[in-house]
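Colleague: Given next are the chains, with one letter for each unit.
Protein chains: 2
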Amino acid sequence: LNFLFIFFYFFYLFFCLCELMSSFLLFLYSFFLFVYFEVVSLQIPSNTPNFVIFFADDVGYGDFGFTGHPTILTPNIDYLAAQGTRFTQLYTSAPVCSPSRAGLLTGRLPIRSGIYTSHNSYPYDQFRVFYPFSTGSLPPSEITLPQLLKEHGYSTAMMGKWHLGHYNNSLPLHRGFDEWFGIPYSHDEGCPPGYQMPCETSQHIYTPTPLYDGDTIIQQPVNLDTLIQRMTDRAISFINESSLDGKPFFLYVAYPEAHVPLFASSAFLGQSLRGLYGDAMSEMDNSVGTIYSYLVQSGLLSSTYVFFSSDNGPWTSMGIDGGSAGLFRGQKGETWEGGMRVPGILVGPSVSPFGIVTDIASQMDVFVTFLDLAGISLPTDRPIDGVSWTNVLFQSGRIPRHCYFLYRDSLLMAARCGAYKAHYITQCGYCENPPVSHSPPILYNIQVDPSESFPLNTTEPQYQTILHIIDEAVHEHQSGMEAGISQLDSYDLKVEPCCDLADRCVCGPW
Amino acid sequence: LNFLFIFFYFFYLFFCLCELMSSFLLFLYSFFLFVYFEVVSLQIPSNTPNFVIFFADDVGYGDFGFTGHPTILTPNIDYLAAQGTRFTQLYTSAPVCSPSRAGLLTGRLPIRSGIYTSHNSYPYDQFRVFYPFSTGSLPPSEITLPQLLKEHGYSTAMMGKWHLGHYNNSLPLHRGFDEWFGIPYSHDEGCPPGYQMPCETSQHIYTPTPLYDGDTIIQQPVNLDTLIQRMTDRAISFINESSLDGKPFFLYVAYPEAHVPLFASSAFLGQSLRGLYGDAMSEMDNSVGTIYSYLVQSGLLSSTYVFFSSDNGPWTSMGIDGGSAGLFRGQKGETWEGGMRVPGILVGPSVSPFGIVTDIASQMDVFVTFLDLAGISLPTDRPIDGVSWTNVLFQSGRIPRHCYFLYRDSLLMAARCGAYKAHYITQCGYCENPPVSHSPPILYNIQVDPSESFPLNTTEPQYQTILHIIDEAVHEHQSGMEAGISQLDSYDLKVEPCCDLADRCVCGPW
Chain A
1 LNFLFIFFYF
11 FYLFFCLCEL
21 MSSFLLFLYS
31 FFLFVYFEVV
41 SLQIPSNTPN
51 FVIFFADDVG
61 YGDFGFTGHP
71 TILTPNIDYL
81 AAQGTRFTQL
91 YTSAPVCSPS
101 RAGLLTGRLP
111 IRSGIYTSHN
121 SYPYDQFRVF
131 YPFSTGSLPP
141 SEITLPQLLK
151 EHGYSTAMMG
161 KWHLGHYNNS
171 LPLHRGFDEW
181 FGIPYSHDEG
191 CPPGYQMPCE
201 TSQHIYTPTP
211 LYDGDTIIQQ
221 PVNLDTLIQR
231 MTDRAISFIN
241 ESSLDGKPFF
251 LYVAYPEAHV
261 PLFASSAFLG
271 QSLRGLYGDA
281 MSEMDNSVGT
291 IYSYLVQSGL
301 LSSTYVFFSS
311 DNGPWTSMGI
321 DGGSAGLFRG
331 QKGETWEGGM
341 RVPGILVGPS
351 VSPFGIVTDI
361 ASQMDVFVTF
371 LDLAGISLPT
381 DRPIDGVSWT
391 NVLFQSGRIP
401 RHCYFLYRDS
411 LLMAARCGAY
421 KAHYITQCGY
431 CENPPVSHSP
441 PILYNIQVDP
451 SESFPLNTTE
461 PQYQTILHII
471 DEAVHEHQSG
481 MEAGISQLDS
491 YDLKVEPCCD
501 LADRCVCGPW
Chain B
1 LNFLFIFFYF
11 FYLFFCLCEL
21 MSSFLLFLYS
31 FFLFVYFEVV
41 SLQIPSNTPN
51 FVIFFADDVG
61 YGDFGFTGHP
71 TILTPNIDYL
81 AAQGTRFTQL
91 YTSAPVCSPS
101 RAGLLTGRLP
111 IRSGIYTSHN
121 SYPYDQFRVF
131 YPFSTGSLPP
141 SEITLPQLLK
151 EHGYSTAMMG
161 KWHLGHYNNS
171 LPLHRGFDEW
181 FGIPYSHDEG
191 CPPGYQMPCE
201 TSQHIYTPTP
211 LYDGDTIIQQ
221 PVNLDTLIQR
231 MTDRAISFIN
241 ESSLDGKPFF
251 LYVAYPEAHV
261 PLFASSAFLG
271 QSLRGLYGDA
281 MSEMDNSVGT
291 IYSYLVQSGL
301 LSSTYVFFSS
311 DNGPWTSMGI
321 DGGSAGLFRG
331 QKGETWEGGM
341 RVPGILVGPS
351 VSPFGIVTDI
361 ASQMDVFVTF
371 LDLAGISLPT
381 DRPIDGVSWT
391 NVLFQSGRIP
401 RHCYFLYRDS
411 LLMAARCGAY
421 KAHYITQCGY
431 CENPPVSHSP
441 PILYNIQVDP
451 SESFPLNTTE
461 PQYQTILHII
471 DEAVHEHQSG
481 MEAGISQLDS
491 YDLKVEPCCD
501 LADRCVCGPW
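As given, the protein sequences belong to chains A and B, one line each in that order. Each residue of the first sequence is one higher than the one before, counting from 1 in our numbering. Each residue of the second sequence is one higher than the one before, counting from 1 in our numbering.
Just so you know, the hints here were simulated from the structure itself, not pulled from any lab data. Hints should not be assumed to be uniformly reliable.
If you want a taste of the chain B side facing chain A, the calculated C-beta under 7 Å gives, among others [what the hints assert, rightly or not]:
#1 Thr85
#2 Thr88
#3 Gly326
#4 Arg329
#5 Val351
#6 Gly355
#7 Thr358
#8 Gln447
#9 Val448
#10 Asp449
#11 Pro450
Ideal placement from N, C-alpha and C gives every residue a C-beta, glycine not left out.
Using the sequences and the hints, build the whole thing.
Modeller: Next comes the structure, spelled out in structure tokens:
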């Protein structure tokens, strides 16, 4: 019995010791959790969330796994779509690069900031975006999203393609970004070596596409083989530094994919079933996944909103080098749905996973929504065309918009109110044909007929009723519209970026 | 001190009691878990899994949330897609209903079973499917999937549209099903009351579409308003009964959605942004979700494989009543991708969630794969055109198929080998134009150019090399092909289903 007693006594002591140890470990764990939350989380209070925008270039609505492409695999972007809410009726601000990006960053229609060409004769009619010889820019009087966030204590950085002017202090550092690593315009405007797409016009030979770090050209021509990896690394460094500094951040990653000429680094080249276009998409998808994973691992995702979209529809006239608008009609440069309807994903705190928003949304809404989430007031001295998504995201409300106006340059081409879209003018994106006016306008129920295949019969009473509503909305919209001075009309060959005039504007290291 | 001692003593007793109770509850829980697994799980050993096929009608590749449709919401089918593996290069056996369903259920090209018309002149050229007056059927010599499964102890049931003949003992009960509740052919073949689509030809007025339970007409015309709910209820009863009987089951749910004339019951009517087409899709999606949820709740999902697909591409010539092939060209009735490329989802034990298979797959593979999973040998006395997916699903292998042959009736129209597809003959699905032979054939890289927009240049050496490979494969395929006797050529007005000749073939209850 004594032996048994001693045995159980020691057993009991051992048990207590274990209990004690596990309690101690629990205490330690709680302590570290406490310290972690105090140090890491409280640095970034929930009323100043972080923001990330991933912006693709010329990628169509149909070019993703989650929008049904059979051979382009985008597992990381699909994962984003599953983790967040998809916007299935999201429009860009314009059907081409420069004005679209102006709309995204200012929340205003590009006609207001002057990002349009006012000419319709050669060579100006081609100049719907900024070129190496453009002297215009996003006017300094415009207020950008990073500028407002920076004023409220945010770190702001941009990686990738700017395309809002480069002359006369108009690069990203002068429009609200603390940091910029990227190219000033599309990489077909210049001659990246080793790519076969013609990038010289008969009128002009561009200087090679430069790579900037801030205001300084660090490489010319840019080495596209390593560009995405470097953009990704820089993005992660920026997130990490902002986090260490205890500052909320705004990161804008504007990928050059999948604008022509297509490219992919060796790890992705020839790996996709969709050819070079698919390789480029894979490289972008991988970069998105790498940055997103970093947000997850570092615990920052719980205080970060991530938006993914594309600047305009696919450039299908480029043949197999162009993307797919899926079931939509038209392409880049056009105000058919295929030119301006793009995929949109928002992931973030309290944003529903597997969510779907079918209201009419605009990329200009991102400006308003992000400021709303950050508790920053909108500028009150100018019209803002974006509206906030917070009601639809967090309060089962609607996006407060009844009509949307689709411009090409300063021409209002089409208008959508509710389910219906009226085309007043149409024009092919990449051809010699002049704009075609439609009188009476072509009317579609875009929700029932997203492919714009079955116009409403103009003799039906319904046609007149709906057109009247849209006409009224257009009239009201146009009566209050003040167009900015065109920024795309002026040019000067001497302003082309050149790091070393003596050496054909070529400099390294590569 | 005494007081303290007593206090701690009672505290200790209370603690022990709690421990005892929680131990007892744990024991009870374990006991019930044990009983549950013994009773429920062991009844269905893993080597006889259950199978469910959901089959949509005329629904296009682009008509689902998970394939990018902006206004058709299919949350339940999207959930299936997320839970399972998607097949992005999946073909039907034929571009129209009857032969497609023959391929699915027999694993053989419909030319072998005779599900084609051999005429190309009116009225026979229209008769590419079974009609109320057809005297042919899926020949009894064909071996169906439910027939083989039934021979191996399975309960087998079908809900919905058969479309493989109804005369002379050819309904589902005579082709391997224990139970059938549904319609014998498409519901436009007959005149469901209240639907506006013309379903009478000038040549003939069909009897009203009947509803069968087994071999008996229980309602004529079928009440489409309640059909989906009744199919869903019957499907769940069948699953429940099979499970209680301790038998594995095969359930084939062949929805009439979204074949014209479109319909939806009152709970779904007018609820979707995509009009009546979207309402119909919502009702189907809801039914799929209800049946799938039942599998989850009853614990049967862990031993059940679920396949979802559509019988052919969308009937786009029906205007807004037709669906969308997404980025694919063509429609129902055609051998362009849009006519035969459909979405495919497989969910089941050990099937990867979020999985994607991009190999060339066929709906005929379902026959082979399900038999493979059930450990049942394939028939050896006849050619089988399907191949098993088990390698690609469970062993990171490939689908063992290099070429796929696309027929319209008994004509081999196109062939695909690897990434390339050669069109030898094309024909519009719903028009008066005769077939067009292409010499040289039109060749596409379907993986790079899924929209069949950019044919390979016939003067390029690559064209000759690839065409030679496809030609050889076609030659070999055709040399071994034995066509069955046409089942669609013969007809007799007297065989139209009629429950009560005296009362215009109308009988209830409704």
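Colleague: Each of the hints needs a verdict: does it hold here or not?
Modeller: Evaluated hints:
At about 13 Å, the closest approach between the beta carbon of Thr85/B and any beta carbon in chain A exceeds 7 Å, and the interface hint on this residue is violated. Given the 7 Å rule on beta carbons, the hint for Thr88/B holds: about 4 Å separates it from the nearest Cβ of chain A. Hint status for Gly326/B relative to chain A: holds, with the closest Cβ pair at about 5 Å, below 7 Å. Because the closest C-beta pair between Arg329/B and chain A is about 12 Å apart, greater than 7 Å, the hint is violated.
For Val351/B, the interface hint is violated, since its Cβ never comes within 7 Å of a Cβ in chain A; the closest pair sits about 17 Å apart. Proximity of Gly355/B to chain A is violated relative to the hint, the smallest CB-CB distance being about 10 Å (cut-off 7 Å). For Thr358/B, the suggested interface contact is upheld, since its CB lies about 6 Å from the closest CB of chain A, less than 7 Å. Interface hint at Gln447/B: satisfied, since its Cβ lies 4 Å from the closest Cβ of chain A, which is below the 7 Å cut-off.
Satisfaction of the interface hint for Val448/B is found here, the shortest Cβ-Cβ separation to chain A being roughly 4 Å, below the 7 Å cut-off. Nearest Cβ of chain A to the Cβ of Asp449/B: about 5 Å, under the 7 Å cut. The hint holds. Hint status for Pro450/B: holds, given a least beta-carbon distance of 6 Å to chain A, under 7 Å.
Consistency note: the structure conflicts with the earlier hints numbered 1, 4, 5, 6.
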